[in-house]
Amino acid sequence: MEILISILIFIMIIAALISLEIKDLLSSVVSLAAVGLILTLLFLLLQAPDVAIVQFVVEILSLVILIRATIIRDDSVYDRKYDRKSFIYRISALFCVIIFLIFVIISLKNLPPFGTKIYNKLADYYIKNTINDTGAVDIVAAIILNYRAYDTLGEATVLFTAILGAVLVLRKIGRLRNER
Amino acid sequence: MFKYLAYILCLTLFFVGLYGIIVKKNLFKIIISFIIMENALNLFFILLGYRKSATFPIFLKNIEQTNIVDPVPQALVLTSIVIGLSVTILMVAIALRIYEKYKTFDITEIKNLKG
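So the sequences go chain by chain: Z and W.
So the first sequence is residues 989 to 1168, counted in the numbering used here.
So the second sequence is residues 15 to 129, counted in the numbering used here.
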């Protein structure tokens, strides 16, 4: 089981590298969709069916949006010239990764190995009392819709604000009046 | 080392996204690497909640379930995925407006802020 999970994450890494390095933008978006769909499979394997369903729907939606945005624009090919600036970018990327890696090593020392139980009082409470408190069978649904309902309300607010921002950025009426 | 393999691979995926954000010049490639980082982060939370030979956090009829996966990270990630979608939509909208104005996705060409 752990081996299968590791192999799937490895395929995800390869797909992500392909989607970053390929020249055609449409192929890169499709490769990104491969990353997201393998992620869905991983959520199913990691015993998280609710998250897998949501990830599947969100992945399809974002794929539609990204393809709609890229399909009519074809200035995807740039000259690959390795000038001094791009060299500096690569060095700074390496520097960021090294700093991050140091923190990762420090924090991995404090984590238990993969698959063992991490002590979590809250999770124990939820598992023990969900049916008595809420009457729901699905613990995740009980958490997001009952125990943490205000959190979900805030999420809906964030979603609404972001969609409002996107509509305001893309609208046509204000721009036409300015051009006249 | 082998016990932490899944965590390390997940963080490698995060590093791939970080590399893309810093190095790539195409605006769309930057959005794509942002999405990759987001996926890696969500996966890391779910990996933290996983327990060996445990069942999903849904109670079934007539079956005694004692070993259940941690439900708290799953609930948090569910929120995070939807917020990630809305952030992606906003970024794509801004990128399309930039394309309308400058006729390119190359961030080195986008220089004059005025007008």
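Do not rely on the hints blindly, as some may be mistaken.
Result set (DSS-like, lysine-lysine): computed pairs, CA atoms no more than 27 Å apart in a straight line [unchecked claim]:
(1) 1109(Z) with 75(W)
(2) 1116(Z) with 75(W)
(3) 39(W) with 1011(Z)
(4) 1160(Z) with 75(W)
(5) 1105(Z) with 115(W)
(6) 1011(Z) with 115(W)
(7) 1116(Z) with 1105(Z)
(8) 1073(Z) with 125(W)
(9) 1073(Z) with 117(W)
(10) 66(W) with 1011(Z)
(11) 1073(Z) with 39(W)
(12) 66(W) with 1116(Z)
(13) 17(W) with 1097(Z)
(14) 1160(Z) with 117(W)
(15) 66(W) with 1097(Z)
(16) 1105(Z) with 117(W)
(17) 17(W) with 1109(Z)
(18) 1011(Z) with 17(W)
Pulled a few chain W residues facing chain Z out of the computed Cβ check, cut under 8 Å [as the list claims (entries may be wrong)]:
(19) 58
(20) 73
(21) 77
(22) 83
(23) 85
(24) 112
(25) 115
(26) 116
Simulated from the structure, these hints should not be mistaken for lab results.
Note that the Cβ used here is the ideal one computed from N, Cα and C, for glycine as well.
Please name the hints from earlier in the document that this structure breaks, with their numbers sorted from lowest to highest. 4, 5, 10, 16, 18, 19, 21, 24, 25 and 26
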